[in-house]
Every structure is written in C-alpha cells, then in structure tokens.
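For the protein sequence lines, the chains are R and U, in the order given.
For the first sequence, our numbering begins at 903 and goes up steadily by one.
For the second sequence, our numbering begins at 903 and goes up steadily by one.
One should not assume that every hint holds.
As the list claims (entries may be wrong) - Derived BS3-like pairs (lysine-lysine); straight-line CA-CA distance at most 27 Å:
id : chain 1 : residue 1 : chain 2 : residue 2
1  : U       : 1083      : U       : 1155
2  : U       : 1213      : U       : 1146
3  : R       : 1035      : U       : 1082
4  : R       : 1048      : U       : 926
5  : U       : 904       : R       : 1035
6  : R       : 1035      : R       : 1015
7  : R       : 1035      : U       : 1035
8  : R       : 926       : U       : 1048
9  : R       : 1035      : U       : 1083
Think of the hints as simulated: they come from the structure by calculation, not from any bench.
Model, not experiment: these values are computed from the prediction.
Residue-level listing of the chains:
2 protein chains.
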Amino acid sequence: MKLREIGEFGFIDRIKGGCFIREKNVIKAIGDDCCVFRTTSDLVTILTTDMLVEDVHFLRGAIAPLKLGRKSLAVNISDIAAMGGIPREAVISIAIPPDLDVEYLDALYDGMKEIAGEFEVNLLGGDTTSAPKHLVINVALVGEGKEEELLYRSGARAGDIIFLTGYVGSSAAGLDILLKKREVDCWTELLEAHFNPVPHVRAGRIISSSGMANSMIDVSDGVASDLGHICIESGVGAVLEESKIPVTKTFEKYVARFGLDFEYLSLHVGEDYVLLGTARESAADTLGRALAKEGCHFFVIGRIVEGQGIKLVGRDGKARAMDTRGFDHFRKERDGEG
Amino acid sequence: MKLREIGEFGFIDRIKGGCFIREKNVIKAIGDDCCVFRTTSDLVTILTTDMLVEDVHFLRGAIAPLKLGRKSLAVNISDIAAMGGIPREAVISIAIPPDLDVEYLDALYDGMKEIAGEFEVNLLGGDTTSAPKHLVINVALVGEGKEEELLYRSGARAGDIIFLTGYVGSSAAGLDILLKKREVDCWTELLEAHFNPVPHVRAGRIISSSGMANSMIDVSDGVASDLGHICIESGVGAVLEESKIPVTKTFEKYVARFGLDFEYLSLHVGEDYVLLGTARESAADTLGRALAKEGCHFFVIGRIVEGQGIKLVGRDGKARAMDTRGFDHFRKERDGEG
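So here's chain R without its partners, still in its complex pose (with noise of 0.2 Å):
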C-alpha cells in the first residue's frame, strides 16, 4: 500500500497502537503540539538525539526495516545507559521518500515498539514528513537518572581499572560480511550483532549504582575511538591488552577464516554497544560479581594510566601505540554508524 493511500494522518492513527507503554507520568501525547510527561522530582534529566540516514548509517536492501526500528531506538537508548541512566519518553522524527510502502513503515514503527516494550520506554509523539529520495530517521530520547551517579566521560583517574559490559567487534564483522558480500548463513550470529544491538541499560544501572565507577561511555565508534574520549575528556592515558579484548569465538573463527586483522575489527569499527569504562581498581572483583548475578558481562581489558594516548599489548607483550581517530562523518565515507 502506498502512502498517499492513506496520507499523513492516516499514518499517523496507523502506528499510535501501542506506543505508550507506562501510561500513568503521561499527561498529553500523540496528537497535539507537544507531549507532556511528569518526572520524578528528585531525579536528573537527561536527553539525547541520534538521527539515522540512508545510504549514511544503513542500506535499505540491507536491513530489514524491523531491525532498523530496533536499531534506531537502540542507539538512543544506549546512550543513556552509557550515563547510567533510565530510558523514559521518546519522540520520533521521519522523513518518508515516495517510494517507501505504508507495510515497510509498520515493519518500522513494529521494530521501535518492540524495543520501546522491552526497555519501558515511551513513544509520545514527533514528526511525520515527506523526503525527496533519502529516508532519515531521528530519535530524540529523555531519561532520568539521580545526579551523584550518573557517570561521564570526564572521570577516569590514573590507576583505574578499564572494563567492558560485553564482546566487540561481532558488528564490525557483520558489517565486513555485508560489504564483502559474504555467505551470510555460517555468521548469523556477527549479522545479528550488526543489525539488532542490545543496549546495556541494566549493567549501565548497576555500575553507575554502585558509586565505584568513575567514567563510562557507549561503544558506537569503537574501544579505540571511545577509550580516546574518556581519555581526553578526563586528561589521562591507557594501557589496554589485546588478549583481554572480549570477542565471541565466532569472531575469532571468522577472522581466522579471512585472514582479517583482529585490532581493527574488535577496537576499530564500533556499533558494538556494550558500555566501556573505568573504575577503581579495589572494585573490579564486586562490580564483576554484581554484574554476573544479572547476567551481565564485567571485562577487565585494561589500566588508566598518567599522561595521554592509549597503548596496546599485544600478544607478544611488546606495547605499540594505538590510532584514537575513529569515524569522521566529514573526513571520509563509511557505511556505519558515525
């Protein structure tokens, strides 16, 4: 069915089922002007935005349009896990091309629901509108969090220990499948990493809780990339190991199958979306343990260390220093999340 079937507010009637999700803090949604919600009064807010663009941050033949709304909504959500923070109301923004069927955008809006459900959050509204040719998708996402726990990328201190919440690099072989056009059967699982990211609202929560992390932030970028932010951010260097790095063993099988280079896929590429931070060194062995009664990952990669840059250890024990430059939307073209 075609879009111009049905119009814009026949649209929007189409996907209002199912979008809110705790209907008790929302006052007005859907269907006017703004959308009003109440907060908890004695907790922060926080806000982020992520807009998604074809033929920048996805191929449309390449993902089904059910995973590219869980993806949409994912990155958002995962940003506010890298805070420590709740996922609460979001507002969605489209920019539909002519040739995009009213089924496509149910598969769409199906994908954003799906996640919203999972991780409580909102669908209050936004902006339906037409497109010339691209189809752009923008997420703006609220969340709450108390203000002494939320953790940032400025805190790391010399002496921190550096963590993960789960594996990386499987996106970035997904990725290397689609743009290799690889059989894709044998890699379901690095596919699957690539196309349907879970964010890790709930490790996120237990480590910002626990008050014995010190920085924190999202793989998009890669370890490399956004280990060089916290670096930065707080004025420190790193010292990460290369046998440390978490990977699944169907990467390890897929990038002995290739011959691929290991460093760039696992710590280079991103759109893991796992959490990467650092915390004091006393507390690697309780956060692992609270994490794992969640079933959560906790893996100690690295050390923060005086001065800047980061180094890495290689397998041969001998350190080399390691390129922070992740993805530039400006420098150079990539099909990837920027």
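Since the structure of chain R is already known, use the hints to place chain U on it.
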C-alpha cells in the same frame, strides 16, 4: 571552507560557543553521550520535535542560512508556546550534504543561537552526520509548565470565543512571492514573515496562566486546518467571521495588487506561528487587556458551536462551509512547512 578540512569534531568545536543561556541548571552538555539538566520539580515536562528537510520544507537557495537556523528552532519553540509552556533545553541533529561549506553552517548555527538567546533556550547537544544529498535539520526541544495551566487542542467548548494572537496570511503571501518569482523589494514585510516567524511564547504564557482559555494550538498548517484539529479533538464546531480575520495592510495590498484569494492565503496556507485558541466569552476583555499591556495582539475571530465542521461567514453575511484539510505530506507536494 569545506567541512572535510576541519572534520566532525572540528565542526562541533566551532559551533560549541554561545550555546548555553542558563548554565545553572546544566549538568552535562555537548561532548558526552547525552546532556543532563535539572528541571523544576513542581512542573511537568513538555517535549516536541520537528524535522526540516531540504526541498520539502525549504529551498536552500531561497532562504539565508541564518534565517533557516532561526526558523528550525522557532517552529519548535512555537509548539511549546502553543501549550502555554516555557521552552528550555534543545538538542539539534543535522545531516550535512558534502557540498555545504563551513561558513553556511556557521550562519545556520548563528541563527539558532540568536533565537535561542531571545527565548532563553539552551542548545545542549545533538548529533552531526553526513547526508547523501539533502540537508536535514531536526530539533528536539524540552519545555516545562504547570500541569493545571497547560492548554491542549482538546479543551474547546461550545460558546467559547476563538482568538488569534497575531496576523495571519503574511507568511503565505511571502511564499507566494517566492513561488511566483515576483519582485521582492516591495514586499519585504511578507517575505520576513515567511522566513523569520517569531513564536508567541509570552502571549501563550499570559493566556495559559490566566486560567480563562480552554484550548490552544499554533498556526502552522493554516487557521482552517489548525482550528479543524481543535474542533475534532474537542468534539465541537466553529463559526469564523471573514471580516475579523486579522491581516496586515501590506497583506491586503498584496492580495489586491495581484487579485489573489483572501480566504486561501489567510486561512489555508499557514506557517504564521501565531497562537489560535478558544476561551470563555466573558474572558475576552480581560485577556485582550492583559495581552495588550505586554505588547501582544488578541483578535477575536469567531465562536465555537455545538456540532462539527467550520463555517466561514463572508463579508456578504452568507455562511459557507470551510475545507479544513491542511497540507498532507503524503497526499500531495508543496514547498512549505507541514
């Protein structure tokens, strides 16, 4: 200067200055995963978002980047004004095509900062990305207000007067000048209304805090369509008087000069960003005086009635039914705000 010369982070550094108007409530802004801020605990939070797409909402060659920056934020501020709220914190997403110069972007952000300063809005962060072809700007704006004061589309009652807080049609006339490629020199007032709408936040606050109004919306799609939203959401009808529709002398001159349709331009095009609302009849004088004292207009243009649909009483005293369908982004194409 080309964006590739300074890169994504160079660009962010460049636009960073002058973004915070009220630093006191800002905990974390630009340069982290999210922004974090305090809201006033006894108020409810208002959230709105609007996306402006090149060749759908604006033609890059027709509007100066400073004005485009102002308008991107203005349309969002106007949505908050339409509820009687106070605009507070904004995040900006921008997808930038490769041919856009840094100087263009500087002017665009100067425009946003200019109007942000005028309305005490903090620009707290956002997302910068590349675009294949068309410039896309998305603003998400958080505001606040007292729950018991906010005005919605759904509160109009039979017997209410219908009011406008400013002149309508000038923006439509400005767009007409552009589309018909007329000489612009004589009609700068109309072009300015189109390119540089000023949101009516102060009028909205006076009206909402008076407790005398029952519904409100901002005129983005045109009085006919926007009053249509109020009527549908409130389950009422309306009668407008053509002779009371407030237009400027220049608008009258323009319509007469080119023999144009007064009703179409003043009521069916929109982008005026004045407030349209309803209030109990006894409040008209009090509200009018309160607004006049603050230099704001208050024009009574008709009355809410039982039933449905909107009638327009012409200068000949004859009533005719009005088409309340506004612009639909998917049913037809037009250059202008949806």
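Verification of the supplied hints:
The suggested pairing of residue 1083 of chain U with residue 1155 of chain U holds, with an alpha-carbon distance near 17 Å, which does not exceed 27 Å. This hinted pair checks out: residue 1213 of chain U and residue 1146 of chain U have alpha carbons roughly 14 Å apart, not beyond 27 Å. The hinted pair formed by residue 1035 of chain R and residue 1082 of chain U meets the criterion: a straight-line CA distance of about 25 Å does not exceed 27 Å. Proposed proximity of residue 1048 of chain R and residue 926 of chain U is supported: the alpha carbons are some 17 Å apart, at most 27 Å.
Only pairs whose Cα atoms come within 27 Å are accepted, and residue 904 of chain U paired with residue 1035 of chain R is accepted, the gap being roughly 24 Å. Of the pairs offered as hints, the one joining residue 1035 of chain R and residue 1015 of chain R holds, with about 25 Å between alpha carbons and a cut-off of 27 Å not exceeded. Only pairs whose Cα atoms come within 27 Å are accepted, and residue 1035 of chain R paired with residue 1035 of chain U is accepted, the gap being roughly 9 Å. Taking the CA atoms of residue 926 of chain R and residue 1048 of chain U, the gap is near 17 Å; set against the 27 Å cutoff, the hint holds.
The straight-line distance between the Cα atoms of residue 1035 of chain R and residue 1083 of chain U is roughly 26 Å, inside the 27 Å bound, and the hint therefore holds.
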